[in-house]
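Residue numbers (numbering that gives the first Met the number 0), protein chains in the order written: chain A, 0 to 258; chain B, 0 to 258; chain C, 0 to 258.
Please keep in mind that the hints were generated in silico from the structure rather than gathered at the bench. All C-beta atoms in this analysis are idealised placements derived from N, C-alpha and C, irrespective of residue type, glycine included. Worth double-checking, as some hints may not be accurate.
Unchecked claim - Ranges of calculated distance between the beta carbons of each label pair, as one might list FRET restraints:
1. Ala-212/A to Leu-115/C: 37 to 45 Å
2. Ala-107/A to Glu-111/B: 34 to 42 Å
3. Val-143/A to Gly-132/B: 16 to 24 Å
Claimed, not checked - One-sided excerpt, in silico: chain C residues whose CB lies under 8 Å from chain B:
4. Phe-32
5. Val-76
6. Leu-108
7. Leu-113
8. Ser-178
9. Pro-242
Claimed, not checked - Some chain B residues flagged as far from chain C (calculated, every beta-carbon gap over 12 Å):
10. Val-29
11. Ala-45
12. Gly-176
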Amino acid sequence: MSRTIVEPPRLHAALRQSSPLVQCLTNAVVSNFTANVLLAVGAAPAMVDIPGEAGTFAGVAGAVLINLGTPREEQRVAMREAVSAASSAGTPWVLDPVAIGLLSVRTALAEELLALRPTVIRGNASEIRALAGAGAGGRGVDAVDDVESAGGAAAALARRSGGIVAVSGAVDLVTDGSSTVRVPGGDELLTRVTGGGCALGAVIGAFVATGRARGVDDLEAVAAAHAVYSAAAERSAAAASGPGTFAARFLDELAVTGR
Amino acid sequence: MSRTIVEPPRLHAALRQSSPLVQCLTNAVVSNFTANVLLAVGAAPAMVDIPGEAGTFAGVAGAVLINLGTPREEQRVAMREAVSAASSAGTPWVLDPVAIGLLSVRTALAEELLALRPTVIRGNASEIRALAGAGAGGRGVDAVDDVESAGGAAAALARRSGGIVAVSGAVDLVTDGSSTVRVPGGDELLTRVTGGGCALGAVIGAFVATGRARGVDDLEAVAAAHAVYSAAAERSAAAASGPGTFAARFLDELAVTGR
Amino acid sequence: MSRTIVEPPRLHAALRQSSPLVQCLTNAVVSNFTANVLLAVGAAPAMVDIPGEAGTFAGVAGAVLINLGTPREEQRVAMREAVSAASSAGTPWVLDPVAIGLLSVRTALAEELLALRPTVIRGNASEIRALAGAGAGGRGVDAVDDVESAGGAAAALARRSGGIVAVSGAVDLVTDGSSTVRVPGGDELLTRVTGGGCALGAVIGAFVATGRARGVDDLEAVAAAHAVYSAAAERSAAAASGPGTFAARFLDELAVTGR
């Protein structure tokens, strides 16, 4: 079954009004960009990722992001705390299994967290295939598979986790295991800025938190996050002369939508 | 008693000439932006924050910033080292108690460090109230209290610590417990860039170091830092189309003042 | 013997086609900028820096960067793993001994790693002199010595390590201990953006990996990296109004060369 998404700008406007608190346990490379993206879309970032605090905060956050890009030992402990507290509190949480496959520490952690049923799993085609047990992973953080080739793996993974799976690429694919939404658009420049995909994981959290408070189902909320993100990328690419000015403009464009 | 501040651009010019070395033990999200802000104002950033080095460096730095935004265990050890060495050497140090209140690790550390008499404490109204024992803290990193409501707590905290307390908001408030300076201006866009407040803590350190070498008292130096920062924010907001271009312009504007 | 460098844009074009995977174990302040610089030049960054993964990845990476700017304990373990695996696999690796001299942890680590014969050592004049045993180090991350004063130390260090040594400054100097290349150009604004030198270390890794696959010797590849980097800095400075817009433009300019 294929579906179309419902009014992403409207959900974005609601997000901006409610300003959901999104806790990010994310990689060291993209934490600054991720926080700025959340601020630009109208959410409130909180990068609380140490043991003894991560669980406490997950109990009050609107959504939690677990991104495995640079999973130091202390952060891994905090991730387990945060996921446990989020599960208990019914807080939606997003898993981004960055570069799993070849690398053993994060691959084992991704499998452990998958068993705890993430609300949303997002990644590129190679990461999703690897997590579903259908591929060996990508080339570092880059996908070597295309999105459509990961459609079956994404749907299987969604059914197994009971959540949503989102695959980023030229056309993004979002599925709950039975329904699938495709989100076209975006711009190749987004892949030339580090954290383009990682920050989307945080935005997904903000949209799901907002959607739940409004009776919008998670599949639609995740697709709306992709649509708003892609549209901002297109507009900023038109005004940019390269990846540096694109990144600055992208924040500007995210900040003007949803008003 | 209310006072007016004395010639912030002149102190900034002196800062640019002396280029004080500001050691930052700060959170992972804003370390890049903080270093760029220090370079832009004309100071020399040094993010030395590991045990075995932090104390050594605090002995030669012009000022030390302790920001509790992501206080990993290893960094907490380094913070204690740096504060101890700064105290012994008479080096001014700034405490930024980010998001204390709900979160136990940083709240305990803030109280421990408060007893060591920071030269300057800076934060938003909720953080200052929480550290003074007059409030429960904010919503993540966001204040839920306004600046004026924190005036009494700020003055009490200044008297208790023997230092300066600076509260950021629409109008900033700087007090030594008896005299109070208010610094208007700035721009709301500064709150839409992560690290806007955190980087100000580092700039305060640079101004205090410069002021001390010129016989300017700490209260005036802290107020001057706020004034220079706010003025740069206003000018860059005028040239920006959103938070992304604002952040780039803000560094440009900090770099042209004080010349 | 003095040499001139051969067609840096041509090597850059080859780099862009092959997109070498550059693993960075670098400091927390500059990891984002470094990844963005690598993406802009056309390489593929991978910031894999935890024990249990760093060695695995070094076996498949095209080059490895070891930057000692914020060497936390866990990262130091990962650095040893990565260097050991790179050496076994014949993967070129770059050592950037940031701010050695005064600071004991990184100084000891730099000496330990030097004994493992880095393919390239890059730093400012004070760092190179300190590593060669000819100076006490700089002022934090800033050089207090000029490039030419470090020429003898650089050549001695190159002969000792068996690799290339690159010294950054107004005119960069690259030597293998017998031949020396000087690369003029660049712009002072590059020193007003944190990570300007650190990211160059990663770009050097990308150029060496590319050069080796084409029969270009390491000395020429390192000099080409400096030349491409300096040329992009000059062009971006011309279009910038300060360090903030410069940094964005610099990424744009790196992205248009080599096409």
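Going down the list of hints, with the structure as the test:
no. : hint                               : result
1   : Ala-212/A to Leu-115/C: 37 to 45 Å : 55 Å, violated
2   : Ala-107/A to Glu-111/B: 34 to 42 Å : 36 Å, holds
3   : Val-143/A to Gly-132/B: 16 to 24 Å : 56 Å, violated
4   : Phe-32                             : 6 Å, holds
5   : Val-76                             : 13 Å, violated
6   : Leu-108                            : 11 Å, violated
7   : Leu-113                            : 19 Å, violated
8   : Ser-178                            : 34 Å, violated
9   : Pro-242                            : 5 Å, holds
10  : Val-29                             : 10 Å, violated
11  : Ala-45                             : 4 Å, violated
12  : Gly-176                            : 33 Å, holds
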